[in-house]
Amino acid sequence: MNGAATAPDRGRAAVAEVVGLLDLAPVEPATVTTDRLVPVAGVYSGRGTSRGTTRRYGGLIAAQALTAAAHTVRPGRPVHSLHAYFTRPGDSRRPVTYLVESLRDGPSISTRRVVALQRDTPIFFLTASFHDPGGGPAHGPSAPEVPPPDEVPTLTELLADAPARLAAVQDMLFAFDTRYLGPPPGERTAGERAGEAHRRAWVRVAGRMPDDVPLHVGALVLISDLPLLLSAMVAGHATEWGPGDLGVSIDHTVWFHRPCRADEWLLYDCDSPWAAAGRGLATGRLYARDGDLVATVAQEGLLLTRPAR
35 MNGAATAPDR GRAAVAEVVG LLDLAPVEPA TVTTDRLVPV AGVYSGRGTS
85 RGTTRRYGGL IAAQALTAAA HTVRPGRPVH SLHAYFTRPG DSRRPVTYLV
135 ESLRDGPSIS TRRVVALQRD TPIFFLTASF HDPGGGPAHG PSAPEVPPPD
185 EVPTLTELLA DAPARLAAVQ DMLFAFDTRY LGPPPGERTA GERAGEAHRR
235 AWVRVAGRMP DDVPLHVGAL VLISDLPLLL SAMVAGHATE WGPGDLGVSI
285 DHTVWFHRPC RADEWLLYDC DSPWAAAGRG LATGRLYARD GDLVATVAQE
335 GLLLTRPAR
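If you count by my numbering, then the sequence shown holds residues 35 to 343, one letter each, in order.
If you are wondering where the hints come from, they were derived from the structure by calculation, not from laboratory data. Careful, some of the hints might be misleading.
As the list claims (entries may be wrong) - Quick list of simulated restraints, FRET-style, between CB atoms:
1) P171 <-> D324: 14 to 22 Å
2) L338 <-> D43: 33 to 41 Å
3) P141 <-> G54: 31 to 39 Å
4) D57 <-> W299: 37 to 45 Å
5) H165 <-> D324: 18 to 26 Å
6) P63 <-> A172: 37 to 45 Å
7) E185 <-> D139: 44 to 52 Å
8) D43 <-> E298: 15 to 23 Å
Yeah, the Cβ is synthetic: ideal placement off N, Cα and C, and Gly gets one too.
Sequences and hints are given; from them, build the entire structure.
The following block contains the structure:
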């Protein structure tokens, strides 16, 4: 993740990128063709990005959709879960319109549904629930014991022998400092068998972000989609996930357990309990540096492989 720019310059650029991607513009509802059975709470536009491939990154759509939903919920009622489906590929370079429907505003819970439109065509659906925190029983797992991030190789160090691959990964993950505990993304360690799919990484936004809770929640959703499906990809593959192979998200779920800062180190513990029939299921837990569980994530995706020539 080290580039020609200095660390402070890179940090500022990373924060500017994340903030810009999550800074949605209000849109007049009358400009969107719709026939809804429930009230429209708001319409917003999210910009695209030139990074990565032309296929829009699923984590970005989910983060922008959740941000749009949060704009329509009263302050102090944070999100506790989102459930999303990707129905069509989006163009990463074009903006997306997010139509927010208000399903319910109750005494302690608000529910929103979001439809993401590109060229007036739905490409993504999200349902999010927001809850006033209350008392009650509390428990949760402790983070696994792993080396601290400053003892884990950077991507630059991990992929030093693969400059072309490093450049592609750095472009995709520019805004994030990501440090994998184990092999490079998409590879299996020596002696690791098919079906063993545990992947762990330290990750954070690469610069200091403003003290804005919804912004950090949106950044957490961006992070939640970064390495997750790789565990399912590698688990069922003979040696490594090749350049012609592809993982495509079908759905994405996040349960938010406690507030966190996305610009501070988070441990992402991912595995894949199942893969078959051209699909793979991946689950993940995000832990704060103090060991508390921040979020639980689940995702199913298509695993598309090209026959070896």
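Against the structure, the hints come out as follows:
1. P171 <-> D324: 14 to 22 Å: 20 Å, holds
2. L338 <-> D43: 33 to 41 Å: 38 Å, holds
3. P141 <-> G54: 31 to 39 Å: Roughly 36 Å apart at Cβ, these two residues keep to the hinted range, so it holds.
4. D57 <-> W299: 37 to 45 Å: Violated - the Cβ-Cβ distance for D57 and W299, about 25 Å, lies outside 37 to 45 Å.
5. H165 <-> D324: 18 to 26 Å: Once the Cβ atoms are compared, 23 Å apart, the range 18 to 26 Å for D324 and H165 holds.
6. P63 <-> A172: 37 to 45 Å: With Cβ atoms ~41 Å apart, the hint holds.
7. E185 <-> D139: 44 to 52 Å: The hinted range 44 to 52 Å holds for E185 and D139, with Cβ atoms some 47 Å apart.
8. D43 <-> E298: 15 to 23 Å: Given a distance of about 20 Å, which is inside 15 to 23 Å, the answer is holds.
Going through the hint list in order, the structure does not satisfy hint 4, though it satisfies all others.
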